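From first to last, the protein sequence lines are chains A and B. 30 is the number that our numbering gives to position 30 of the first sequence; each next residue is one higher, with no gaps. 288 is the number that our numbering gives to position 288 of the second sequence; each next residue is one higher, with no gaps.
Treat each hint with caution, since some may be false.
To be verified - To give a feel for the contact side, a few chain B residues facing chain A, derived at Cβ under 8 angstroms:
| # | residue |
| --- | --- |
| 1 | I174 |
| 2 | F180 |
| 3 | G182 |
| 4 | I289 |
| 5 | P293 |
| 6 | E294 |
| 7 | A297 |
| 8 | T298 |
| 9 | L305 |
| 10 | V309 |
| 11 | L312 |
Unchecked claim - From the structure, some residues in chain A lie toward chain B, with a derived Cβ separation under 7 angstroms:
| # | residue |
| --- | --- |
| 12 | Q8 |
| 13 | A15 |
| 14 | P99 |
| 15 | M102 |
| 16 | I106 |
| 17 | L108 |
| 18 | G129 |
| 19 | G132 |
Derived from the structure by calculation, the hints contain no laboratory data. Just so it is clear, the structure is predicted and the values come from calculations on it, not from any experiment. Idealized CB from N, CA, C, for every residue including glycine.
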Amino acid sequence: MMAPLAGQVVNLFAAVLLLIAFAMLSQRRIVALINLFALQGAALVGSTATVAFATGQKHLYYSAAITLVLKVLILPWLLHRLIRRLNVKWDIETLINIPTMMLVGILLVIFAFNLALPISEFSQSIARGTLGIALACVLLSFLMMITRSKAVPQVIGFLSMENGLFFAATSATYGMPMVVELGIALDVLVGMVILGVFLFQIREQFDSLDIHHLEKLRED
Amino acid sequence: MTLEGILAQLAAMIVALVVAPLLMGWVNAWRAILQNRRPPSLLLPFHMLRKLFIKESVVAHDATALFRIAPYIVFGCMLLAAMIIPTLSTNLPMAPAADAIALVGLFALARLFISLAAMDIGTSFGTLGARREMLFGFLAEPAFLMVLFTVSLIASSTSLATIVSSLAHRELAILPSLAFAGVAFTMVSLAENARVPVDNPATHLELTMIHEALILEYSGRHLALMEWAAALKLFAYSCAGLAIFFPWGVAQANDHVALLWALPVLLVKLAVGGFLLAVIETILAKMRIFRVPEFLATAFMLGVLALLVHLLLGA
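From just these sequences and the hints, can you work out the full model?
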């Protein structure tokens with residue numbers, strides 16, 4: 001009785017994750033983007049805790065707690081502070097052609113679902129169907145990083161890609177070993193700090209956070 | 001086809017004809033209350049229809065026969081749509097006549113005629129409205145179809161009556177695909193019924209209007225039929241949404257007690273739905289016309305996601 005309901009709840013969280021990935025793809029405001037990222041982390045915490053509860057895997061509780069602290073509280077707080085300091089809080093990015101981007105996103109989702117279908121058949125987990133969704137989230141984050149020209153949304157895309165990977169790990173194999181998870185969590189945190197410093201450097205050099213400035217070679 | 005079925009069908013038709021203007025009045029009254037105005041009478045749409053039916057119908061010199069017959073065709077389409085959607089009971093003799101996909105076709109037929117009639121006169125307002133209506137229709141239709149495909153897959157039938165009865169009898173499960181489809185359906189209904197984020201139903205002379213621009217040249221009984229058809233369309237969409245996503249209380253075949261209960265349950269559901277519609281219309285601002293394709297693309301995306309999530313997760 002317990003397993004089907006837990007499976008349904010995990011499916012629900014997976015659907016929410018996918019929805020948030022699409023919302024991030026089409027969101028113009030940076031502040032809203034950070035809030036969506038925090039929300040994605042919260043959905044991740046919910047699904048991890050559900051899997052932990054349904055299967056009795058103790059270490060998944062720990063990883064849910066790490067996710068909660070890191071991705072719902074610390075990283076959004078860091079990002080909020082970053083955009084306040086960079087003075088880009090109310091920036092609106094001009095995204096061209098959102099409908100086309102949505103269609104490309106849908107194609108990516110179909111591709112990911114097809115790709116994941118044979119893999120998930122090997123898995124014994126209660127939430128193996130969600131592997132496709134996790135892969136789709138990763139690909140959508142890629143798409144977001146490709147289509148954005150400002151630096152902060154790209155960083156958020158990178159972080160949300162990690163969310164997708166983490167979800168794939170919990171849904172397909174009940175999570176990675178604790179050491180690996182701690183390592184990744186620390187990596188993301190440190191990466192975020194370094195990227196924050198990097199953003200300040202970019203702005204100092206070019207007076208803008210537009211990535212296109214980095215494509216030209218300069219000899220000085 | 002039994003006598004009982006015919007009676008249920010007749011009852012559904014009369015309920016549709018009476019409740020549709022009432023629903024309009026209800027939504028308008030709540031809009032007024034939420035905007036701190038004194039609400040008009042709930043019966044105002046009836047008085048307006050009576051007044052318009054009494055008045056003389058003036059037709060432009062250049063109008064062809066198409067302009068005159070369009071209101072009857074539009075009204076007929078909307079009435080038929082309201083009749084094949086299981087509002088009170090799933091035992092409808094008309095139901096085999098048209099399934100969920102034909103329902104979209106009926107709406108498309110009405111849209112085609114209302115746009116042709118608007119272009120028939122040759123005023124710039126009519127042409128402008130017709131072009132916008134066709135553009136939004138062409139974007140809204142795929143989204144609506146995706147929603148219907150999703151529920152058809154869940155119920156493994158495209159017949160509306162079968163969909164509703166199988167959804168009502170399913171054991172309770174969390175279905176993310178239905179939630180996505182529900183949001184997509186709400187967005188499509190807002191666009192199709194010319195409600196606020198897309199069009200403002202209260203406006204009568206603005207460059208941004210769509211629905212009102214189409215029927216600007218109509219008067220008298222023609223206008224009455226058009227207004228009634230618009231009310232029926234809102235009623236049909238609301239009932240379709242309620243029947244698919246909140247199917248409890250719709251009477252099943254040969255269930256007499258449930259049939260008696262079905263009307264009060266439907267009225268309560270419509271009252272809540274109408275109130276929510278008024279809230280949506282009050283808190284949202286009308287969006288720029290070039291943002292509407294984005295809005296409808298989002299609805300389409302949600303519909304496709306619902307379909308994919310259902311196929312992949314079986315939920």
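Comparing the hints with the structure gives:
The interface hint given for I174 of chain B is met, as the beta carbon of that residue sits about 4 angstroms from the closest beta carbon of chain A, less than 8 angstroms. Hint status for F180 of chain B relative to chain A: holds, with the closest Cβ pair at about 7 angstroms, below 8 angstroms. Proximity of G182 of chain B to chain A is violated relative to the hint, the smallest CB-CB distance being about 12 angstroms (cut-off 8 angstroms). At a threshold of 8 angstroms, the smallest CB-CB gap from I289 of chain B to chain A is about 15 angstroms, leaving the interface hint violated.
Given hint, P293 of chain B at the interface with chain A, holds; its Cβ is 6 angstroms from that chain's nearest Cβ, closer than 8 angstroms. For E294 of chain B, the shortest C-beta to C-beta distance to chain A is roughly 5 angstroms, which falls under 8 angstroms, so the interface hint holds. The closest approach between the C-beta of A297 of chain B and any C-beta of chain A is roughly 4 angstroms, which is under the 8 angstroms cut-off, so the hint is satisfied. Annotation: interface hint on T298 of chain B holds; nearest CB of chain A at approximately 7 angstroms, less than 8 angstroms.
A least Cβ separation of about 6 angstroms between L305 of chain B and chain A falls short of the 8 angstroms threshold, and the interface hint therefore holds. The beta carbon of V309 of chain B is positioned within 8 angstroms of a beta carbon in chain A (closest approach about 5 angstroms), and the interface hint is therefore held. Interface restraint check for L312 of chain B: the shortest CB-CB distance to chain A comes to about 5 angstroms, inside 8 angstroms, so the restraint holds. Given hint, Q8 of chain A at the interface with chain B, holds; its Cβ is 4 angstroms from that chain's nearest Cβ, closer than 7 angstroms.
Against a cut-off of 7 angstroms between C-beta atoms, the interface hint on A15 of chain A holds, since the closest Cβ of chain B lies about 3 angstroms away. Taking 7 angstroms as the C-beta cut-off, the interface hint given for P99 of chain A holds, the closest approach to chain B being about 4 angstroms. Because the smallest distance between the Cβ of M102 of chain A and any Cβ of chain B comes to about 5 angstroms, under 7 angstroms, the interface hint for this residue holds. Because the closest C-beta pair between I106 of chain A and chain B is about 5 angstroms apart, less than 7 angstroms, the hint holds.
With its C-beta approaching chain B no nearer than about 11 angstroms, L108 of chain A sits outside the 7 angstroms limit, and its interface hint is violated. The closest approach between the C-beta of G129 of chain A and any C-beta of chain B is roughly 5 angstroms, which is under the 7 angstroms cut-off, so the hint is satisfied. Taking 7 angstroms as the C-beta contact cut-off toward chain B, the hint placing G132 of chain A at the interface holds, the least distance being around 5 angstroms.
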